[in-house]
Amino acid sequence: ITTLFYSFFKSVVELKNDLSICGMLHSVDQYLNIKLTNISVTDPEKYPHMLSVKNCLIQGSVVPYMQLPADEIHKQLLQDVARKEPLPQKQ
Amino acid sequence: MNYMPGTASLIEDIDKKHLVLLRDGRTLIGFLRSIDQFANLVLHQTVERIHVGKKYGDIPRGIFVVRGENVVLLGEIDLEKESDTPLQQVSIEEILEEQRVEQQTKLEAEDRKRYIHYSRDGCRGSRKPGGAP
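Read top to bottom, the protein sequences are chains S and A. Residue 66 in full-length UniProt numbering sits at position 66 of the first sequence; the count goes up by one each step and never skips. Residue 15 in full-length UniProt numbering sits at position 15 of the second sequence; the count goes up by one each step and never skips.
Since the hints were derived computationally from the structure, they do not count as laboratory data. Incorrect hints may have been included.
DSSO-like, lysine-lysine: derived pairs with alpha carbons at most 30 Å apart [to be verified]:
1) S:Lys35 x A:Lys16
2) S:Lys54 x A:Lys81
3) A:Lys55 x S:Lys16
4) A:Lys54 x S:Lys35
5) S:Lys16 x A:Lys54
This structure is a prediction, so every number in the text was calculated from the model and none was measured.
Required output: the full structure, derived from the provided sequences and hints.
What follows is the structure, encoded as structure tokens:
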């Protein structure tokens, strides 16, 4: 399933400390650590220290959720693949 | 080749200048020298950067070994953008003073809020959740 999300969305990641970061999803690992490229801080930049950072790795444990653009997701494709993947494991 | 399969690879980030956000709110900036599967980091020539408003101050810290669980975010610093910043760097004493003032005003605001809640709700406002009625 991880290979599915490698369609490069521009997604917004919200962290537990209320920081919201927008960027292109580069990679995700098994711990749901997220690598974003070309980032920008979405909320008014109460977090000025991020100005000189273009790419970042976000620890999976601090992400309560990620917002993905609804119109860019191929829902049908997503549902099909998500349904099919577990089947081979059952047999 | 991924040396640690399953982890978002930090291998390419070694020896580059990074900004590390810690869970306690601190910001560290240093050269990433070493990593492991838990995202424990070794930072070289580390500087702790304190931000208050548009000002910031750097405290030199030397070599840091950071335990991975405390890391919120690890960002690669773009050296060109770094010189572009609209922020003003001040001395360590000044930024520590600004930080103290900021904490002070925050505490005072919270105290005021608590007082208002108490005086409005009476004893009910200050009862702990799940306690005896």
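Would you pick out the hints that fail for this structure and give their numbers low to high? Of the numbered hints, all hold.
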